[in-house]
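**Q** Residue numbers (the working numbering), protein chains in the order written: chain D, 1 to 394; chain E, 1 to 138.
Read the hints as simulated data drawn from the structure, not as lab findings. Please read all numbers here as calculations on a predicted model, not as lab measurements. All C-beta atoms, glycine included, are put in the ideal place defined by N, C-alpha and C. Do not take every clue at face value.
[Said to hold, decoys possible] Derived Cβ-Cβ restraints for the label pairs, each shown as a range:
1) D:Ser109 <-> E:Arg42: 31 to 37 Å
2) E:Ser138 <-> D:Gly37: 51 to 57 Å
3) E:Val7 <-> D:Glu246: 32 to 38 Å
4) E:Glu118 <-> D:Asp267: 38 to 44 Å
5) D:Gly34 <-> E:His121: 58 to 64 Å
6) E:Asp37 <-> D:Ser109: 28 to 34 Å
7) D:Arg302 <-> E:Gly105: 31 to 37 Å
8) D:Thr280 <-> E:Asp37: 54 to 60 Å
9) E:Phe6 <-> D:Glu179: 40 to 46 Å
[Said to hold, decoys possible] Here chain D is said to cover these stretches of chain E; the calculated rule only asks that three of the stretch's residues, wherever they fall, bring their Cβ under 8 Å from a Cβ of chain D:
10) 36–50
11) 123–131
[As the list claims (entries may be wrong)] Chain E is faced by these chain D residues, among others (derived, beta-carbon under 7 Å):
12) Glu36
13) Ile54
14) Pro159
15) Val362
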Amino acid sequence: MYLSRTEERMYDGEFGETIQKSMEILVALGDIYGAEGMVDISSAQISGVSYKTIGDAGLEYLEDLSSRGARVKVTSTLNPAGLDLERWREMGFSEEFAERQIRIVDAYSSMDVMNTCTCTPYLIGNVPLRGSHIAWSESSAVSYANSVLGARTNREGGPGALAAAICGKTPEYGYHLDENRAATLVVDVECELSGSDYGALGHITGKMVGEGVPYFRFISKPEPDDLKTLGAAMASSGAVALYHVEGLTPEYMDADASGADDHVSIDAGDIAGARESLSTSTDEPDLVCLGCPHCSLGEIRRIASFLRNNEPGVEFWVCTSAAIKSAADRMGYTETIEAAGGMLVSDTCMVVAPVEELGYGVLGVDSAKAANYIPGMCGLEAVYDDWMNLLSRP
Amino acid sequence: MYGDDFVEVKCRIISRGTGRGHVMISDEPISFLGGVDPETGRVSDPKHPLHGRSMKGRVLVIPGGRGSTVGSYVIFQMAKNETAPAAIICLNAEPIIATGAIMAGIPMVDRPEEDIMEVLHESMEVEVDAEKGIIRFS
């Protein structure tokens, strides 16, 4: 691939070993995917944080990189960790897990990766502009950034996103290029949707379209929180990195829906079938986990106001970032949630935390992504429903 | 080392450096996460044809990788533990092994211009020159 003079010098080690290694990773990725050159990025979102997923191998690599003085060049935020960094003791996480998890987060922090520990960086200030190139590596955030914000990123792996952050560049291929952002499948949604219906729709669509670009026509008008849910579901049942919504998302007019290869219609029966298929159990959940992707302040507000008049008979977590939690603290939402027997959990979630070690068996979730991952990653059963129903069970 | 009659095959450079060793070859892709034990360098996936064998110091010849991106970190950990292969040759590199090889400083090439799955055999000695993009053997 073509490298500018400065990029050549980075590749040849003139700016030090960590930049050289990172540049080698980017060049190799660019060669593998047929990039013609590099493009400057304005931000990075870095996955590979939970000790549960990256283990000692990841910990060793990050501490090694940090000890060599690596630093990121652009605004870089961090994916969720394996535990709540403030309250892991009271939640029952082991000392051993916590010690290693904290070392991982510290290694990132020392490289100037902000330890936001959230999968929704776009809710707390990492908000790329339309048309800007970024290197993000959390599949649900990739989907949101590409589709709702109109920024441009591929589905990066954790080490690739970190290399891009260190160099301030990424190879220009895939969703960085106009020609790969056109619709490949038109999806007519023939029924009104609300709440977890969006996750169910995403679950169906992701399976159908794989790595394609769906173009939705809705009767109902989804809110940003609904799009967060929809995108996360499609990125987990398929590998969707970009979608368009007619009349709503910023690039729908450029998406060339009339040129899409396929066209499908989704009706209420399809949605109901998907909702059913996302549950692996009919047992009552012993823990309800909300916030996959991490809750917005608006979602927490709705949960808190529901809890003022309802007493759930089940333990529950509401997962979000530390930044949103501190706003929820100030609004009194945290107090309301915890008075109702719940926990406002920050930095982590039901997918990347070792919940299987905390003694739970059946998790209630309102996220299709969580329902997809919990059986495999945690070995637990999942019950899929709207959060209000999950918190209203006897 | 090879006298006058060694063979050179051109390849694409993925991770720079040079390495030499005896061939360990399979036409099955490998997942490093869960498929290889970084403590010993042995293939731990019971379904893999190389199951039980150690990659340490060998020239690993495989079509490519599969599985989780955490596999890249596992390759790095093998290098730290000195259980890593001396070099890697893939038919078509994919991001997990390519990234891991660079992180670990293991020379790696792909897209050899000859059908190496036919030409190379177990225990042949091969040199991988990932500075010039050439593999050499006699």
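**Q** Does each hint hold? Answer for all of them.
**A** Structure-based check of all given hints:
1. Range check, Ser109 (chain D) to Arg42 (chain E): about 35 Å between beta-carbon atoms, so the 31 to 37 Å window is met.
2. For the pair Ser138 (chain E) and Gly37 (chain D), the supplied restraint of 51 to 57 Å is violated, since their beta-carbon distance comes to about 39 Å.
3. Checking the proposed 32 to 38 Å range against Val7 (chain E) and Glu246 (chain D) shows it is violated: the Cβ atoms sit about 59 Å from each other.
4. For the hinted restraint 38 to 44 Å between Glu118 (chain E) and Asp267 (chain D), the CB-CB distance of approximately 54 Å leaves it violated.
5. Gly34 (chain D) and His121 (chain E) have their C-beta atoms about 32 Å apart, which leaves the hinted 58 to 64 Å range violated.
6. Checked against the hint of 28 to 34 Å, the pair Asp37 (chain E) and Ser109 (chain D) passes, with Cβ atoms roughly 31 Å apart.
7. Between Arg302 (chain D) and Gly105 (chain E) the CB atoms are about 51 Å apart, so this pair departs from the stated range of 31 to 37 Å.
8. Under the hint 54 to 60 Å, the C-beta atoms of Thr280 (chain D) and Asp37 (chain E), about 31 Å apart, miss the expected range.
9. The hinted range of 40 to 46 Å is satisfied by Phe6 (chain E) and Glu179 (chain D), whose Cβ atoms lie roughly 44 Å apart.
10. With a threshold of 8 Å between beta carbons, the proposed coverage of the segment 36–50 of chain E by chain D is violated, since 1 of its residues qualify and at least three are required.
11. Proximity of the segment 123–131 of chain E to chain D, defined as three or more residues with a beta carbon under 8 Å from a beta carbon of that chain, is not established by the 0 residues found.
12. Residue-level restraint check for Glu36 (chain D) is violated (minimum Cβ-Cβ distance to chain E is 16 Å; threshold 7 Å).
13. Because the beta carbon of Ile54 (chain D) sits about 6 Å from the nearest beta carbon in chain E, less than 7 Å, this interface hint is met.
14. At a threshold of 7 Å, the smallest CB-CB gap from Pro159 (chain D) to chain E is about 5 Å, leaving the interface hint in force.
15. Interface hint at Val362 (chain D): violated, since its Cβ lies 26 Å from the closest Cβ of chain E, which is beyond the 7 Å cut-off.
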